[in-house]
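Generate the whole structure from the sequences, applying the supplied hints.
Sequence lines, in order, name chains A and B.
First residue of the first sequence: 1, per our numbering; consecutive thereafter.
First residue of the second sequence: 1, per our numbering; consecutive thereafter.
What the hints contain is simulated information worked out from the structure, not anything from laboratory work.
Among the hints, erroneous ones may be present.
Unchecked claim - 30 angstroms max Cα-Cα, derived DSSO-like pairs, lysine-lysine:
#1 B:Lys-245 / B:Lys-346
#2 A:Lys-272 / B:Lys-279
#3 A:Lys-341 / B:Lys-290
#4 A:Lys-328 / B:Lys-279
#5 B:Lys-224 / A:Lys-248
#6 A:Lys-208 / B:Lys-272
#7 A:Lys-331 / B:Lys-272
#8 B:Lys-286 / A:Lys-331
#9 B:Lys-279 / A:Lys-331
#10 B:Lys-290 / A:Lys-328
#11 B:Lys-286 / A:Lys-272
#12 B:Lys-286 / A:Lys-328
#13 A:Lys-334 / B:Lys-346
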Amino acid sequence: MHLSEQSETMVKALTDVQKQMWESWMGLMRTVPSGMPVSPGVANQWRDLATQALKGWTTEGEQVAKDLSQRLATTQDCVLRFLELSLSSWNAVAPKVEAGEDWHAVLAKYIEQVREQFMLSPQGMQKATQDSGELWGLYLEEWQKLVQPWAMSLQRAPWRVGQASTGDGSALVELMNLYGNAYERTFGRLIESPSLGHTRELNEDLLKGFAAWMDYRQASFAYQVELGETWTRAFEEFIRKLISQTEKGETVQSLRQLLFQWIDVIDQVFAKVFRSDDYIRLQGHLLNTAMTYRLRERDIVEAFLKTSHIPSRSELDEAYRRIYHLRKDVKELKRELHDIKAELSSQAKRKPAGG
Amino acid sequence: MQLPFYLSPEQTMRELIDLNRKVVSGIERLSHIRDKDIQVGVSPKEEIYREDNLVLYRFTPMVEKPFHIPILIVYALVNRPYMVDLQEDRSLVRNLLQQGMDVYLIDWGYPGRGDRWLTLDDYINGYINDCVDVVRQRHGLEQINLLGICQGGTFSLCYTALHPEKVKNLITMVTPVDFHVKEGVPNLWAGCSTGGQTMDVDVLVDAFGNIPGEFMNLGFLMLKPFQLGLGKYLEMIDILDNDEKLLNFLRMEEWIFDSPDQAGETYRQFMKDFYQGNKLIRGFVKIGTKTVDLTQVRAPVLNVYAEQDHLVPPASSIALERCVGTTDYTLRSFPVGHIGMYVSGKVQRDLPPTIVKWLRDRG
Numbered sequence: 001m002h003l004s005e006q007s008e009t010m011v012k013a014l015t016d017v018q019k020q021m022w023e024s025w026m027g028l029m030r031t032v033p034s035g036m037p038v039s040p041g042v043a044n045q046w047r048d049l050a051t052q053a054l055k056g057w058t059t060e061g062e063q064v065a066k067d068l069s070q071r072l073a074t075t076q077d078c079v080l081r082f083l084e085l086s087l088s089s090w091n092a093v094a095p096k097v098e099a100g101e102d103w104h105a106v107l108a109k110y111i112e113q114v115r116e117q118f119m120l121s122p123q124g125m126q127k128a129t130q131d132s133g134e135l136w137g138l139y140l141e142e143w144q145k146l147v148q149p150w151a152m153s154l155q156r157a158p159w160r161v162g163q164a165s166t167g168d169g170s171a172l173v174e175l176m177n178l179y180g181n182a183y184e185r186t187f188g189r190l191i192e193s194p195s196l197g198h199t200r201e202l203n204e205d206l207l208k209g210f211a212a213w214m215d216y217r218q219a220s221f222a223y224q225v226e227l228g229e230t231w232t233r234a235f236e237e238f239i240r241k242l243i244s245q246t247e248k249g250e251t252v253q254s255l256r257q258l259l260f261q262w263i264d265v266i267d268q269v270f271a272k273v274f275r276s277d278d279y280i281r282l283q284g285h286l287l288n289t290a291m292t293y294r295l296r297e298r299d300i301v302e303a304f305l306k307t308s309h310i311p312s313r314s315e316l317d318e319a320y321r322r323i324y325h326l327r328k329d330v331k332e333l334k335r336e337l338h339d340i341k342a343e344l345s346s347q348a349k350r351k352p353a354g355g
Numbered sequence: 001m002q003l004p005f006y007l008s009p010e011q012t013m014r015e016l017i018d019l020n021r022k023v024v025s026g027i028e029r030l031s032h033i034r035d036k037d038i039q040v041g042v043s044p045k046e047e048i049y050r051e052d053n054l055v056l057y058r059f060t061p062m063v064e065k066p067f068h069i070p071i072l073i074v075y076a077l078v079n080r081p082y083m084v085d086l087q088e089d090r091s092l093v094r095n096l097l098q099q100g101m102d103v104y105l106i107d108w109g110y111p112g113r114g115d116r117w118l119t120l121d122d123y124i125n126g127y128i129n130d131c132v133d134v135v136r137q138r139h140g141l142e143q144i145n146l147l148g149i150c151q152g153g154t155f156s157l158c159y160t161a162l163h164p165e166k167v168k169n170l171i172t173m174v175t176p177v178d179f180h181v182k183e184g185v186p187n188l189w190a191g192c193s194t195g196g197q198t199m200d201v202d203v204l205v206d207a208f209g210n211i212p213g214e215f216m217n218l219g220f221l222m223l224k225p226f227q228l229g230l231g232k233y234l235e236m237i238d239i240l241d242n243d244e245k246l247l248n249f250l251r252m253e254e255w256i257f258d259s260p261d262q263a264g265e266t267y268r269q270f271m272k273d274f275y276q277g278n279k280l281i282r283g284f285v286k287i288g289t290k291t292v293d294l295t296q297v298r299a300p301v302l303n304v305y306a307e308q309d310h311l312v313p314p315a316s317s318i319a320l321e322r323c324v325g326t327t328d329y330t331l332r333s334f335p336v337g338h339i340g341m342y343v344s345g346k347v348q349r350d351l352p353p354t355i356v357k358w359l360r361d362r363g
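Given below as structure tokens:
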């Protein structure tokens with residue numbers, strides 16, 4: 001059988017397998033007590049079915065078993081995705097190999113294409129998000145997600161924010177003008193009420209938050225680029241290992257064998273990268289910027305909470321800190337009391353009787 | 001000419017269908033499993049003492065006259081201590097009981113947000129010391145035996161250095177001592193090679209308060225992301241039709257993902273002083289008002305490490321020998337990884353008698 005013929009047969013087989021998988025998941029679905037609806041769509045329906053079926057089936061199950069079911073379905077998904085990746089590389093390479101080209105060179109070229117495709121995306125995203133206007137829009141989208149439910153709940157409350165505050169909203173208007181429509185569309189709507197007050201501090205917090213968010217996004221992209229590069233390297237290493245085996249006359253014969261070789265190689269490549277100073281710095285920077293953003297985020301939330309007379313995280317932490325010290329003091333006093341009682345008891349025993 | 005892999009369509013199809021069949025039937029099987037089926041911490045025990053979140057347990061002795069000096073097990077704050085008593089045939093505790101030991105265990109509980117200010121001083125000079133005193137008083141002893149595991153081993157070392165008069169013998173298991181050993185990825189990630197350019201512990205604690213257990217877990221899973229995230233579950237598919245093996249797997253899963261949050265200030269000091277500053281072996285760690293001087297550890301020490309430990313590299317544990325003041329130092333190792341120290345059949349068979357003999361020889 002020619003290579004491209006093999007490849008076509010393989011793709012057909014995969015399609016057939018997916019059909020069978022779908023049928024078996026449908027079978028499972030029919031027995032789900034809640035009778036969850038089947039989602040429409042042609043491609044990869046079984047994946048949706050898998051998710052729905054295991055949700056229905058494990059509704060009353062134990063949490064660990066539920067988690068494991070989720071992982072099982074994910075594992076199956078990973079196997080298929082891996083097979084698709086292998087097949088796509090096979091499809092790309094097979095015709096050229098059949099045409100008599102040096103397959104090592106063909107594979108090297110293919111890997112380079114994979115690398116370019118993989119790396120292009122995060123770089124492109126990074127470039128796009130260097131535009132601060134766009135970044136601000138994204139930032140506000142994030143904020144909208146965070147603030148909206150909270151703001152809505154406040155609006156529904158009888159003691160509305162607007163009635164509680166005496167702040168000046170004009171600075172907010174200026175801010176809206178400064179940051180344009182994106183702000184107005186998102187965050188601005190939530191805080192345009194004149195009720196929120198303390199706007200100068202809030203503006204400062206928002207700006208600090210934006211700066212922290214930009215740092216975090218940039219760190220995140222740098223991290224993604226490194227991971228993307230590592231993925232490509234891992235795939236390259238995997239193919240190299242297979243080539244080396246082939247040259248020794250050992251050919252992988254089963255999907256399972258192929259998968260475990262891939263896991264082994266990919267973990268080794270990642271482990272090596274994880275130990276490198278460059279990666280450690282990137283990971284540290286990502287973590288630090290994420291945490292700094294979280295702190296800035298808290299500052300903004302707490303500004304709202306303060307205006308609304310709601311206790312903040314910081315205030316609760318401070319209360320906990322005082323309770324902690326009080327608890328320590330009480331323990332220490334109890335120990336001292338215990339020692340004093342023991343000493344008094346000991347002294348009483350030492351005194352002569354009838355004294 | 002052939003490509004580096006030859007997957008016959010028929011065979012691959014069979015494999016995928018088989019995989020799918022096993023996954024579907026496995027999920028059906030898993031849906032019938034309930035809490036009571038995944039029992040952990042099986043050996044009978046009674047609560048002896050409680051303080052804040054902490055509970056001190058005494059396991060019911062399995063011989064009429066247990067060894068006169070009890071063992072107090074001090075586990076790590078990360079993950080739960082029932083790992084030492086996971087199930088009947090995987091229980092360090094049960095094996096020690098069977099060999100005549102009297103065993104106590106500290107369960108640290110789950111720190112809440114109100115516990116974020118707890119410090120290492122509270123854990124070591126507070127909780128551990130209180131538990132040691134309770135056990136000493138119950139048995140009318142001046143000194144008891146300590147068995148510290150992983151981070152609990154590090155705590156036990158500090159405790160023994162600070163309170164040498166209360167510890168008869170010290171056993172440390174998979175215990176990090178030299179935190180700048182570069183074989184350990186956790187050491188590297190904490191910054192032992194890159195210093196201040198890596199994680200900023202202060203901002204982490206300030207942002208999180210308590211460090212979430214999920215965050216800690218993610219770090220451990222990242223050490224072998226594909227084996228632990230995919231390979232393990234692929235292998236598990238093959239045991240889905242074996243109830244006993246499946247329940248064993250589920251117990252391990254429960255333990256792995258049962259990760260308490262870490263009290264913020266304790267985490268801050270442990271990461272900065274131990275991981276980043278490597279102050280324990282340099283003699284600069286301060287717990288409360290006192291500096292930990294490991295040369296004050298004069299009690300006999302049995303140090304047990306795992307030869308393939310990827311969390312606490314052997315060199316990190318072995319470093320203990322050159323730091324402690326005792327002249328009675330014993331080193332033992334087992335050809336397993338960190339988790340293998342609790343669940344491997346060979347370790348279950350050989351470690352308890354090693355501990356018991358070592359203790360009896362020094363009784």
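Discussion item. Against the 30 angstroms threshold, does the CA-CA distance of B:Lys-279 and A:Lys-331 hold or violate the hint?
Written reply: holds (29 angstroms)
Worksheet entry | Proposed proximity, B:Lys-290 with A:Lys-341 (alpha carbon, max 30 angstroms) | Satisfied, since the Cα-Cα distance of roughly 27 angstroms is no more than 30 angstroms.
Fill in: Given hint A:Lys-248 paired with B:Lys-224 - CA-CA distance at most 30 angstroms
holds (29 angstroms)
Discussion item. Hint check: A:Lys-272 vs B:Lys-279, CA-CA at most 30 angstroms. Holds or violated?
Written reply: holds (27 angstroms)
Fill in: 30 angstroms Cα cutoff - pair A:Lys-334, B:Lys-346
Not OK: A:Lys-334 and B:Lys-346 at ~47 angstroms, beyond 30 angstroms, violated.
Discussion item. So if I understand the rule, the pair passes when the alpha-carbon distance is 30 angstroms or less; does B:Lys-245 with B:Lys-346 pass?
Written reply: holds (18 angstroms)
Fill in: Holds or violated: B:Lys-290 to A:Lys-328, with C-alpha atoms at most 30 angstroms apart
Since the Cα atoms of B:Lys-290 and A:Lys-328 sit roughly 17 angstroms apart, the hinted pair holds (cutoff 30 angstroms).
Worksheet item: Is A:Lys-331 within 30 angstroms of B:Lys-272, Cα to Cα?
Response: OK: A:Lys-331 and B:Lys-272 at ~27 angstroms, within 30 angstroms.
Worksheet entry | Distance restraint between A:Lys-328 and B:Lys-279, which requires alpha-carbon spacing of 30 angstroms or less | OK: A:Lys-328 and B:Lys-279 at ~26 angstroms, within 30 angstroms.
Worksheet item: Are B:Lys-286 and A:Lys-272 close enough, with their CA atoms no more than 30 angstroms apart?
Response: violated (35 angstroms)
Worksheet entry | Agreement of A:Lys-208 and B:Lys-272 with the hint, judged by alpha carbon distance not exceeding 30 angstroms | Holds, at about 27 angstroms.
Fill in: 30 angstroms limit on alpha-carbon distance, applied to hinted pair B:Lys-286 and A:Lys-328
Answer holds: B:Lys-286 to A:Lys-328 is near 18 angstroms, not above 30 angstroms.
Checked against the numbered hints listed earlier, the structure breaks hints 11 and 13; every other hint is satisfied.
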